[in-house]
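Novice: Residue numbers (the working numbering), protein chains in the order written: chain A, 1 to 129; chain B, 1 to 129; chain C, 1 to 395; chain D, 1 to 395.
Zero decoy hints are in this set.
Calculated pairs, DSS-like style, for lysine-lysine (alpha carbon to alpha carbon, straight line, at most 25 Å):
| no. | chain 1 | residue 1 | chain 2 | residue 2 |
| --- | --- | --- | --- | --- |
| 1 | C | 262 | C | 160 |
| 2 | C | 189 | C | 290 |
| 3 | C | 88 | D | 112 |
| 4 | C | 389 | A | 44 |
Footprint (simulated), chain C over chain D, 3 or more residues, beta carbon under 8 Å:
| no. | segment |
| --- | --- |
| 5 | 10-24 |
| 6 | 37-47 |
| 7 | 69-81 |
| 8 | 235-247 |
| 9 | 306-314 |
| 10 | 326-333 |
Keep in mind that the hints were calculated from the coordinates and are not lab data. Since we're looking at a predicted model, the values are computed, not measured. C-beta atoms are modelled at their ideal positions from N, C-alpha and C, and glycine is treated no differently.
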Amino acid sequence: MPVYSQKVMDHFMNPRNVGEIENPDGIGEEGNPVCGDMMTFYIKVKDNRLEDVKFQTFGCGAAIAVSSMVSEMAKGRTLEEALKITPQSVANELEGLPKNKFHCSNLGAQALHKAIEDYLEKQKKGVQA
Amino acid sequence: MPVYSQKVMDHFMNPRNVGEIENPDGIGEEGNPVCGDMMTFYIKVKDNRLEDVKFQTFGCGAAIAVSSMVSEMAKGRTLEEALKITPQSVANELEGLPKNKFHCSNLGAQALHKAIEDYLEKQKKGVQA
Amino acid sequence: MRRVYLDNAATTPLLPEVREAMMPFLGEVFGNPSSLHSWGDPAREAVETARVQVAGLIGAQVEEIIFTGSGTESNNFAIKGLAMANQKKGNHIIISAVEHFSVLHSARTLEKLGFQVSEVPVDKYGTVDPDDVRRRIRKDTILVSVMHANGEIGTIEPIKEIAKITKEMNIPLHTDAVATAGTIPVNVKELGVDALSLAGNQFYGPKGVGALWVRRGVRIMPLLDGGIQEGGKRAGTENVPAIVGLGKAAELATANMDARIKLLTALRDRLITQLPAKIDHVVITGHPQKRLPGHASFCIEFIEGESMLMWLNMQGVAVSSGSACTSRALKASHVLIASGLSHELAQGSLLFTFGIDSTVEDVDYILEVLPPIVTRLRQMSPLYAKFEKAGKGVR
Amino acid sequence: MRRVYLDNAATTPLLPEVREAMMPFLGEVFGNPSSLHSWGDPAREAVETARVQVAGLIGAQVEEIIFTGSGTESNNFAIKGLAMANQKKGNHIIISAVEHFSVLHSARTLEKLGFQVSEVPVDKYGTVDPDDVRRRIRKDTILVSVMHANGEIGTIEPIKEIAKITKEMNIPLHTDAVATAGTIPVNVKELGVDALSLAGNQFYGPKGVGALWVRRGVRIMPLLDGGIQEGGKRAGTENVPAIVGLGKAAELATANMDARIKLLTALRDRLITQLPAKIDHVVITGHPQKRLPGHASFCIEFIEGESMLMWLNMQGVAVSSGSACTSRALKASHVLIASGLSHELAQGSLLFTFGIDSTVEDVDYILEVLPPIVTRLRQMSPLYAKFEKAGKGVR
Ligand SMILES: Cc1ncc(COP(=O)(O)O)c(C=O)c1O
Ligand SMILES: Cc1ncc(COP(=O)(O)O)c(C=O)c1O
Numbered sequence: 001m002p003v004y005s006q007k008v009m010d011h012f013m014n015p016r017n018v019g020e021i022e023n024p025d026g027i028g029e030e031g032n033p034v035c036g037d038m039m040t041f042y043i044k045v046k047d048n049r050l051e052d053v054k055f056q057t058f059g060c061g062a063a064i065a066v067s068s069m070v071s072e073m074a075k076g077r078t079l080e081e082a083l084k085i086t087p088q089s090v091a092n093e094l095e096g097l098p099k100n101k102f103h104c105s106n107l108g109a110q111a112l113h114k115a116i117e118d119y120l121e122k123q124k125k126g127v128q129a
Numbered sequence: 001m002p003v004y005s006q007k008v009m010d011h012f013m014n015p016r017n018v019g020e021i022e023n024p025d026g027i028g029e030e031g032n033p034v035c036g037d038m039m040t041f042y043i044k045v046k047d048n049r050l051e052d053v054k055f056q057t058f059g060c061g062a063a064i065a066v067s068s069m070v071s072e073m074a075k076g077r078t079l080e081e082a083l084k085i086t087p088q089s090v091a092n093e094l095e096g097l098p099k100n101k102f103h104c105s106n107l108g109a110q111a112l113h114k115a116i117e118d119y120l121e122k123q124k125k126g127v128q129a
Numbered sequence: 001m002r003r004v005y006l007d008n009a010a011t012t013p014l015l016p017e018v019r020e021a022m023m024p025f026l027g028e029v030f031g032n033p034s035s036l037h038s039w040g041d042p043a044r045e046a047v048e049t050a051r052v053q054v055a056g057l058i059g060a061q062v063e064e065i066i067f068t069g070s071g072t073e074s075n076n077f078a079i080k081g082l083a084m085a086n087q088k089k090g091n092h093i094i095i096s097a098v099e100h101f102s103v104l105h106s107a108r109t110l111e112k113l114g115f116q117v118s119e120v121p122v123d124k125y126g127t128v129d130p131d132d133v134r135r136r137i138r139k140d141t142i143l144v145s146v147m148h149a150n151g152e153i154g155t156i157e158p159i160k161e162i163a164k165i166t167k168e169m170n171i172p173l174h175t176d177a178v179a180t181a182g183t184i185p186v187n188v189k190e191l192g193v194d195a196l197s198l199a200g201n202q203f204y205g206p207k208g209v210g211a212l213w214v215r216r217g218v219r220i221m222p223l224l225d226g227g228i229q230e231g232g233k234r235a236g237t238e239n240v241p242a243i244v245g246l247g248k249a250a251e252l253a254t255a256n257m258d259a260r261i262k263l264l265t266a267l268r269d270r271l272i273t274q275l276p277a278k279i280d281h282v283v284i285t286g287h288p289q290k291r292l293p294g295h296a297s298f299c300i301e302f303i304e305g306e307s308m309l310m311w312l313n314m315q316g317v318a319v320s321s322g323s324a325c326t327s328r329a330l331k332a333s334h335v336l337i338a339s340g341l342s343h344e345l346a347q348g349s350l351l352f353t354f355g356i357d358s359t360v361e362d363v364d365y366i367l368e369v370l371p372p373i374v375t376r377l378r379q380m381s382p383l384y385a386k387f388e389k390a391g392k393g394v395r
Numbered sequence: 001m002r003r004v005y006l007d008n009a010a011t012t013p014l015l016p017e018v019r020e021a022m023m024p025f026l027g028e029v030f031g032n033p034s035s036l037h038s039w040g041d042p043a044r045e046a047v048e049t050a051r052v053q054v055a056g057l058i059g060a061q062v063e064e065i066i067f068t069g070s071g072t073e074s075n076n077f078a079i080k081g082l083a084m085a086n087q088k089k090g091n092h093i094i095i096s097a098v099e100h101f102s103v104l105h106s107a108r109t110l111e112k113l114g115f116q117v118s119e120v121p122v123d124k125y126g127t128v129d130p131d132d133v134r135r136r137i138r139k140d141t142i143l144v145s146v147m148h149a150n151g152e153i154g155t156i157e158p159i160k161e162i163a164k165i166t167k168e169m170n171i172p173l174h175t176d177a178v179a180t181a182g183t184i185p186v187n188v189k190e191l192g193v194d195a196l197s198l199a200g201n202q203f204y205g206p207k208g209v210g211a212l213w214v215r216r217g218v219r220i221m222p223l224l225d226g227g228i229q230e231g232g233k234r235a236g237t238e239n240v241p242a243i244v245g246l247g248k249a250a251e252l253a254t255a256n257m258d259a260r261i262k263l264l265t266a267l268r269d270r271l272i273t274q275l276p277a278k279i280d281h282v283v284i285t286g287h288p289q290k291r292l293p294g295h296a297s298f299c300i301e302f303i304e305g306e307s308m309l310m311w312l313n314m315q316g317v318a319v320s321s322g323s324a325c326t327s328r329a330l331k332a333s334h335v336l337i338a339s340g341l342s343h344e345l346a347q348g349s350l351l352f353t354f355g356i357d358s359t360v361e362d363v364d365y366i367l368e369v370l371p372p373i374v375t376r377l378r379q380m381s382p383l384y385a386k387f388e389k390a391g392k393g394v395r
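So here's chain A without its partners, still in its complex pose:
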């Protein structure tokens, strides 16, 4: 097996917050099937906080664990706090990722940020409309 930490294995085997949010406030997609990892994040925002975060992931063990960890780190946070989640902080929370897995599978933070940006974009449009 790839040398995954126990934390990674735990999140891989029992991923938190898997699924889709109906009528999400924001959606973020990252990755593509060519490199083998793809993640979609759904968020529900209330009072500038991530009231709910869910994800779907196509990818390796690390990609699944990363998504799960990101969802856990983000849930309940303010948007500003959530935007400070970085690939490195995710990897740290997971007690490390194999070097060759770092870039390809560690797209969770970006996907989350995209979802938040999607939300902010929609807000702007909503305000403009």
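Given the coordinates of chain A, work out where chains B, C and D with the ligands should sit on it, guided by the hints.
Specialist: This is chains B, C and D with the ligands only, laid out in the frame that chain A set:
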């Protein structure tokens, strides 16, 4: 060990006719130390026959066995018969020689022939003188 | 927990008989075969016995067998050695698009040295069309190399037909038989090839040993220069225990081949027919009939290989995948892509390779544990969600 | 009959502890280290443990160790790989005249590919003068390779001094340490080299495995292309049992080196001092002091090596010779000739290499059985007869 026949091993371990003949009728030398094998044959001729044959050899197991075998094959033969001894007939008598040893170590017949030629040369000169 | 090893394409276990044959050479009989004294004799004799055994496996002349350190070395030696030795005649070589990296990357290295390399494409089963080889042959073509069977998708290539063409054109043909020698009948005369690679760890022999067969009269340049072991073609102290093990494994493979093939074919066919009945959206990769006996390979749509592999591993099952995430280069198998699969589909690659210890129960265990894994992973797959919404496939 | 193995330069026996360490990997633990499932894990871990052990033996960084299939492969890899990788900077390489064939013939192959090779001569002890290296360095020199010690004459070369020069000139220096690593202290930092070859079967480890150490940052081209095992530098399924054995042998060599050296030096010195007292007209080959601990080599005048070797063998003694007849190429050792010996003298070469199982009794047995053999062979030697008649040496 090189794949030597029992016959080769016998002649290597118990070479026949080793040594020098005092006042030989002919001497023949063949080979050189560069290729690793050198033989000297001494002959005593009586009534056109090889009354005695002795040799000295510097060289590998095969070279020693070949010299010994040649000396045995030649002893008591007429000069004509002795000149018919060939590297191949020596190898046959020895029940074969390793392929890579054939050329380098199988100089015995030539050395013997040289000794006979040396004798014949001397005879000619003796007649002429 | 049940432990089920279905990754025999990666490497096979050592047969106890093979290990037994090797043991003296890891102990008392440690001599160097090149030594002229009596410590060298039994080592040299053992190597020569192994040469006879390996020659017997592939119907070759004994003196034509050159022992190497691996299938990879055999392939490097063949591709580079045959190309280099024939450089005066031309600098064009032809390989198939589905060759093992040891052939493919050897050809890349030759390209850097000024050779030209043409790649023959394959159809959706990964099969080379001999006419595609013919079309690529040029005046300056000096080598054709097409593998006998592919280790990733199991497809057996039409080597005999390709050999007819190369023979007619008088071009040396090499075949990488690492996946076939010791597994299915391989006869160099029947195949009509000029050089052939094989490896011990593919048929219950040791790791660290392989062989290259080169037809007498075909010129080849050594890859390993040095002493004149192996007829001057492959230098270095012989790996006596491993060579002895390879010989023994070859002997056993020759003796038991029919029985092994029968067993493996039954297991393979059971999995190939039943898995798609248990799991939707499964594609069989490689040729449906012309494939290695113990080789069942699939792509499971919408999910990725490594995560399946990890779940199977937790259930005690060992398999491989050609997905990007499972490769250390993080690229999906070039074999799957060359066979026309999309990258997305290729990520779902799963490869089951049975061995002589495999059982029907192993197959049934797979059929039991894999479906829930697939369900679980599909439930979290954005691709599957999209597919379900669209009500149709995404292929 | 007494059996006395004094040919440890040809190959050493496997230590029981090494064999024990290897056994699991010839049985249960057969996985491929590249496999992602749990069959691969212990194999991969074992390979990495061995890497630590080998790095420890030579004071290297763990990631800098590349496992190979033999000393010969390490040398081919080093010479060809370093030359090829630096081709843009120049095409001139320097080697010594006494290198092992795996270095020498690799350089010859490079010559055919357009490289230029200079050979540094040696003195009568087979020692390279560092200044001779310096004098041969040119603007386009891209590689220097001088062996650490010579396996035929035992001479240890002044690598540290040569490294000072190559470092100053910024040229990579490779050393073939096959005869020294595991036998005498070898530390890549102290030596100051950039690449170093070693082999398992020289220090009671298995055959079929070696290593090349390459300093991080030094570019090298793979010799074996294919998969990305060994950091992409050496493709092919790892020979796990052999690598494990190499690691264990390295660990034991590190731990026991001082004691081994003490034992071997005593035996060597006993033979070197006493043999000439028993036999006239004996020349010691190689350096009288700066030589491998267990290494005693001679030329016995007027007679030839193979015939001595055969007689010794019949007395149960295994030795080597550098004579033409004992070489499969039928040429006297290039090392002896490079050291200035005449062909005639070189034919009388005899090489005794002690091992950790050797005893004082072994030395005494040699001193007992060899003199009558020499006498016997001299009695039939035409060269000895001439010498005796002339009443003087023929050198
Ligand atoms: C078809 C084929 N060729 C060559 C090889 C290389 O073998 P190795 O990695 O043992 O050197 C493999 C390995 O699986 C293979 O399947
Ligand atoms: C100095 C040196 N280099 C390289 C080698 C080559 O080793 P091998 O034949 O085991 O590949 C030897 C073998 O004895 C040697 O002594």
